[in-house]
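> In order, the protein sequence lines correspond to chains A and B.
The first sequence runs 951 to 1331 under this note's numbering.
The second sequence runs 20 to 273 under this note's numbering.
In short, the hints are calculated from the structure, not lab data.
Using N, Cα and C, we set each Cβ at its ideal position, and we do this for glycine too.
Treat the hints loosely; a few may be bogus.
As the list claims (entries may be wrong) - Derived EDC-like pairs: lysine to aspartate or glutamate, alpha-carbon spacing no greater than 20 Å straight-line: (1) Lys99(B) <-> Glu198(B); (2) Lys254(B) <-> Glu1205(A); (3) Lys1297(A) <-> Glu198(B); (4) Lys1202(A) <-> Glu256(B); (5) Lys1128(A) <-> Glu256(B); (6) Lys1128(A) <-> Glu150(B).
As the list claims (entries may be wrong) - One-sided excerpt, in silico: chain B residues whose CB lies under 8 Å from chain A: (7) Val128; (8) Val160; (9) His200.
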Amino acid sequence: MDFVFPNELNVTWTVMIVLYPYITGLVAGAFIVSSLYHVFSRTELKAVARFSLASAFVFLLFAPLPLLMHLGQPQRAFNIMITPNFASAMAGFGFIYTAYLLVLVLEIWFVMRSSFIERARCRGGVAALCRLILLGNLHEDEGTRRADHKIARFLAGVGIPLACLLHGYVGFLFGSLKANPWWSTPLMFVIFIFSAIVSGIAVLIFHYMVVARLNGWKLDQPCIRSLTGYLWGFMIIAVALELLEVLSIAYKQTEEWEVLGMLIRRKLWISYVILQYLVFSLIPFLLLGINTLFKLRDRLANAMIWIAATMLLVQVLLMRWNVVVGGQLVSKSMRGFTDYLPGVWEKEGLAVAAAIFTLPFCILWLFNKIVPLFPEAKPRT
Amino acid sequence: MKTRNRKSDRPDESRRHLLKLLAAGSGLLVFPLGSLPTRASAADGTGERPPYWAYAVDTTRCMGCCACMRACRDENGVPKGVFRTWVERYRIDLDDEVHVDVAMHDDFVFAPAPGDVARAFFVPKLCNHCEKSVCNQVCPVGAAYRTADGVVLVDAEHCIGCGYCVQACPYGSRFINPESHVADKCTFCYHRLARGLAPACVLTCPREARLFGDLNDPQSKLSVLLRQRPYRLLKPELGTHPKCYYLGLDREVV
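All chains, full assembly: derive it from the sequences and hints.
Structure below.
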């Protein structure tokens, strides 16, 4: 019982394809948080409303990078839009991505127009850049502000289905492959969306707390508490769905369970059972649960929430790994498994993956230099 | 035998058809009628249907010499470590345990089998050139296509090398070519078919375990064989309608 087809010895989709859904998940999740404020008027989230929108934008900018690193012929990448084969789920990528990027850029423009105008009135290169972004129109009054707000709200609403589409389609891409028993489930689409929301909220909490600490700001406690509640709720749904998927196959004891059960026991025991569920789901579940149900001192609560958010960021990354890599470890001969360990310095290795993941944070820092992402931040007393 | 679906699923086929019509129209102005006989017109002239290629493997005849693997590599320049075709060796021991392996080293020679063997047989594998091929469906740029004569091919000049077709193929027949960095697979030696020659693996098999023929010709050796002997398809439950027919296939094989 250890035979793989000879072309399966090398895994085709590497750590880059693990990173891609991870990044689009952060985009979708961060965007949902910004929309909770802009569309659903959750005013307690005002402190991170701009930050979440900008985070979604910078992560979206870098989402195609791991794909380009992965493609055998990246110079032909635009074939996906020039000669799309609409029978393929993947053909939607170019169009969904472009539409979403457009909506996001426009929303940022309308949400942050006042700040751009303020900055454009100064002197220097950044001011000139802001004037360019504003297309030279620095006029602002109560009427324009109201119009901007209205349009931004509309765009935020349009963006929600687009965000779900962008990320859900990645889940569909895996879930619709009938050749792979580990991927082939209609639940994949839903699991990807909920885990995206989890990772998006988690990255905002993680980053907001780090930035506040570095700058000596006072954390907006109602905002943190609200995000904690959402994070707890969405993580329960996401983990429940993930468990439901595997438990239903296990309970049915179908033919495919013979090989999938062995995949879990032999290949994914540590990354899937121990790490994804027992460590990085259970501990955050308890930490967030305690903070949602009981009122602890702010300092202790924040430490627990930050740890939980950071762990959930790892949990979602592990989930992506276990789906993308795990599915490729099973041979389509159903008789054995292959192995995959990414190299560090190769084209699709860990160093490149780390660089791609770090870049959005750098761009976000630059973004904040042009337009403040936390205009409401107050120093700690 | 029913007439096979001969329509190519290539996305730009209709545009090509239009261009061909235009070219043919302009050609009439220059050449006298009938001065350029084509394969299609010759076929039409004799009333024969154009070919619809398919493949059969007689597993009872394969002896595991792997001459087909060597021929394929030489004919198509397949790089090391990837395979357009391969031969699986099945060994069932006295405890009914099934052991499968493939001779993957450069010389394509199976290592001597350890232990007692109750039963053993060989199964050559290759692209099944499915009628409803998933690889064609999932290709995002339309680089994977099926020709009108039933062969599934990859346009290496158009493929972006995303690997989605590799994931979608249930038979492990596709791979990313480590030299060209695009999807690659068995082509039924399409360059040979165009010259009226059989695929290299079929030609080289000393036991006639590999058979190739035209399903649209009821008198072809393949058509006759498929009428006379029971056969099995690989993973028929996936609805891909493979066009590689296995004669005498053991139930252990997937």
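> Hold the hint about Val128(B) up to the distance rule: shortest CB distance to chain A must be less than 8 Å.
violated (15 Å)
> Does the structure keep Lys99(B) and Glu198(B) at a Cα separation of 20 Å or less?
holds (10 Å)
> Measure nothing beyond the straight line between the CA atoms of Lys254(B) and Glu1205(A); if it is 20 Å or shorter, mark the hint as holding.
holds (13 Å)
> If you draw a straight line from the CA of Lys1128(A) to the CA of Glu150(B), is it 20 Å or shorter?
holds (16 Å)
> Quick one, is the Val160(B) hint okay against chain A at 8 Å, beta carbons?
Hint holds; Val160(B) Cβ to chain A Cβ min 4 Å, cut 8 Å.
> Just to be careful, I want the Cα atoms of Lys1128(A) and Glu256(B) compared with a cutoff of 20 Å; is the pair within it?
Holds, at about 10 Å.
> Between Lys1297(A) and Glu198(B), does the CA-CA distance stay at or below 20 Å?
holds (15 Å)
> Let's test the interface hint: is any C-beta of chain A closer than 8 Å to that of His200(B)?
holds (3 Å)
> Below or equal to 20 Å on CA atoms is what counts here, so check Lys1202(A) against Glu256(B).
holds (19 Å)
Consistency note: the structure conflicts with earlier hint 7 alone.
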